[in-house]
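Could you build all of it, start to finish, from the sequences and the hints given here?
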Amino acid sequence: METVYFLIESITKVIVVFACLMAAVAYLTLAERKILGRIQVRYGPNRVGPFGLFQPIADGIKAFFKEDLIPARADKPLFIIAPMISITAAISLFAVIPFGEYIELFGRRVSLVIADLDIGLLYVFAVASLGEYGVVLGGWSGYNKYGLMGALRAAAQMISYELALALSVMGVLMIAGTLNLVEIVQQQAGWHWNVFYHFQFFPFIFYIVCALAEINRTPFDMPEAEAELACGFNIEYSSMKFALFFMAEYAHMVAVCAIATTLFLGGWDGPFNLSPSWSWIWFVAKTGILVYFFIWQRGTFPRLRYDQIMRFGWKFLLPLALANIFATGLYMVLTG
Amino acid sequence: MVISVLTGIWWFIKGIGLLLTSVFALLKGLRLTLKMFFSRPITIQYPERKREVSPRWRGIHYFERNAKGDTRCVACGLCVAVCPSQCIRLVAVEQDNGERYPETYEINTVRCIYCGMCAEACPVDAIKLGRNYEFVDYQREALVLDKERLLANAPKET
Chain X
2 METVYFLIES ITKVIVVFAC LMAAVAYLTL AERKILGRIQ VRYGPNRVGP
52 FGLFQPIADG IKAFFKEDLI PARADKPLFI IAPMISITAA ISLFAVIPFG
102 EYIELFGRRV SLVIADLDIG LLYVFAVASL GEYGVVLGGW SGYNKYGLMG
152 ALRAAAQMIS YELALALSVM GVLMIAGTLN LVEIVQQQAG WHWNVFYHFQ
202 FFPFIFYIVC ALAEINRTPF DMPEAEAELA CGFNIEYSSM KFALFFMAEY
252 AHMVAVCAIA TTLFLGGWDG PFNLSPSWSW IWFVAKTGIL VYFFIWQRGT
302 FPRLRYDQIM RFGWKFLLPL ALANIFATGL YMVLTG
Chain R
17 MVISVLTGIW WFIKGIGLLL TSVFALLKGL RLTLKMFFSR PITIQYPERK
67 REVSPRWRGI HYFERNAKGD TRCVACGLCV AVCPSQCIRL VAVEQDNGER
117 YPETYEINTV RCIYCGMCAE ACPVDAIKLG RNYEFVDYQR EALVLDKERL
167 LANAPKET
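As you go down the protein sequences, you meet chains X and R in turn.
Just so we're on the same page, the working numbering is the position in the first sequence counted from 1, plus 1.
Just so we're on the same page, the working numbering is the position in the second sequence counted from 1, plus 16.
Think of the hints as simulated: they come from the structure by calculation, not from any bench.
Remember, it's a predicted structure, so these values are computed and weren't measured experimentally.
Treat the hints with caution; some may be incorrect.
What the hints assert, rightly or not - DSS-like, lysine-lysine: derived pairs with alpha carbons at most 25 Å apart:
#: 1; chain 1: R; residue 1: Lys66; chain 2: R; residue 2: Lys172
#: 2; chain 1: X; residue 1: Lys35; chain 2: R; residue 2: Lys51
#: 3; chain 1: R; residue 1: Lys30; chain 2: X; residue 2: Lys35
#: 4; chain 1: X; residue 1: Lys35; chain 2: R; residue 2: Lys44
#: 5; chain 1: R; residue 1: Lys144; chain 2: R; residue 2: Lys84
#: 6; chain 1: R; residue 1: Lys30; chain 2: X; residue 2: Lys316
#: 7; chain 1: X; residue 1: Lys67; chain 2: X; residue 2: Lys77
What follows is the structure, given as C-alpha cells:
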C-alpha cells in the first residue's frame with residue numbers, strides 16, 4: 002500500500018512540476034522579450050491578446066506548423082536526438098530541487114521535492130554536464146561550418162566553466178557537509194543563508210557568472226553568437242526541434258537560478274513565517290529575482306570575445322574559486 | 017628579495033584596483049539599464065496613435081479643384097517633362113472653347129519618388145502633394161492613380 006501511495010505521490014509531483022515548468026518556460030520567453038524591450042525604452046510584444054499574453058501560444062503554434070528540415074548531409078539520428086538531450090537534461094535538473102517544505106494532503110505529509118536524493122548536488126552536476134551533449138551534437142550533426150564552430154566553442158567553454166562552477170559551490174558543500182539539497186536548505190533556515198551567513202557572497206557571484214557561461218547566456222553566448230556564427234549550434238534546426246533547443250535554454254536558466262536559490266539564498270526560507278505549505282512562494286520569488294537578473298544583464302552587457310572568455314574562466318574564476326575553498330576551510334577551522 | 021616581494025604586493029594592489037574599477041563599470045551599466053527599464057517607452061503605437069507629419073511633408077498626390085469642381089489641370093505637360101522618374105502619363109485634348117484638358121492623367125505611385133517636382137512645376141497649382149502617407153495595396157495596378165482618384169485624394173475643406 003505504501004508503495005502505491007509513493008508512486009501516486011511521485012507521479013503527481015512530476016506532472017505538477019513539469020506543467021509549472023513548461024508554463025514558466027513559455028512565459029519566460031515573453032518576459033524576456035518584454036523586459037529587454039523595456040530596457041530599450043520600447044514596449045515588448047503587446048499585440049497578441051491583452052499585454053501580449055497569448056504570444057507564447059502563438060509562437061508555439063508557429064513553431065509547430067513550420068516545416069521541419071533535416072539537411073541532406075546531416076547525421077540524421079544525432080540531429081534528431083540532440084534537441085531531445087538538451088531538453089531532457091534541462092528538465093531533469095528539477096527532480097532534486099526542493100521547492101518548499103511540505104504540504105499536508107489527505108492526511109499525508111508530502112514533501113515538495115520530487116526525489117530527496119542524498120547525492121542531489123552530484124546529480125545536478127552530472128545532469129547539467131549532459132546538457133552539453135545536446136549543444137555539441139546539435140552543432141556537429143547539422144553538417145554546417147557555423148554549427149561546427151558553435152559546437153566547438155560550446156564544448157570548450159562549457160567544460161571550462163563547469164570546473165569553476167563546481168568549485169564555486171564547494172564552499173557551501175564544505176559548510177553543509179552534505180550533498181542532499183533538502184538538508185542544505187534546512188541548514189539555512191532562519192536567515193542563515195549561505196550567501197551572507199557563512200561569507201559565501203563571492204562564490205555566489207562566481208556561481209552566477211559560471212552559470213551564465215554554462216547556459217550560454219549573453220555575455221558568454223559564444224556557441225550561438227548571432228553576429229559571427231549566424232546562430233551557431235542551432236543554425237540548421239527549424240520547427241519544433243529549434244523550439245526544443247529554445248525551451249531547453251530557458252528551462253536551464255530557471256534550473257540554474259533554482260539551484261543558486263537552494264545553495265546560496267536559503268531555498269524556501271523567508272520572512273513572515275509562512276506556513277510550510279506556502280513556503281514555495283519564497284522559493285519562486287527568489288528564483289524569479291535571479292531570472293530577472295539574468296535577463297537584465299543580457300540587456301546590459303555585450304558579448305565577450307572568445308579568447309577573453311577562456312582566459313577569464315581559466316586564469317581568473319578558477320583560481321578564485323580555489324582560493325575560496327581555501328578561505329572557507331580557514332573560516333571553518335577558525336570558527337570551529 | 018625585498019624588492020621582488022614589494023613588486024609582488026604592488027602588482028597585487030594594482031590588480032585589486034583594476035578589478036574594482038571594472039566591477040564598478042559593470043554596476044554602472046546595470047544601473048543605467050535598470051533606470052531605462054523603469055522609464056516610459058517612447059514608442060508611438062502606430063495604428064492606434066499616429067505621428068504628426070512635418071508641414072512640408074510630401075505624401076500622396078491630389079488634384080486641386082477649380083470653381084466648377086473639376087481639376088484645375090490645363091494639360092500643359094510640364095509635370096510630365098520635369099518628373100525625374102517619368103511616372104506621369106498625360107493625354108491632352110482640346111475642348112470646344114479652346115482650353116486644353118487632360119483626358120487621362122495617371123501617376124504611377126510605385127515609380128514615383130515623391131520629390132514634389134510636379135507640384136513645383138505646375139503653373140496653375142493643379143497637382144499637389146498631400147499629407148497622407150498611409151497608401152498601400154495588395155495590387156500594383158491599384159497604386160496607379162487616375163484623375164478621379166487624384167481628385168478624391170484632395171484633403172477635405174475645413
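Violations among the numbered hints, reported as their numbers in ascending order: Of the numbered hints given earlier, the structure breaks just one, which is hint 3.
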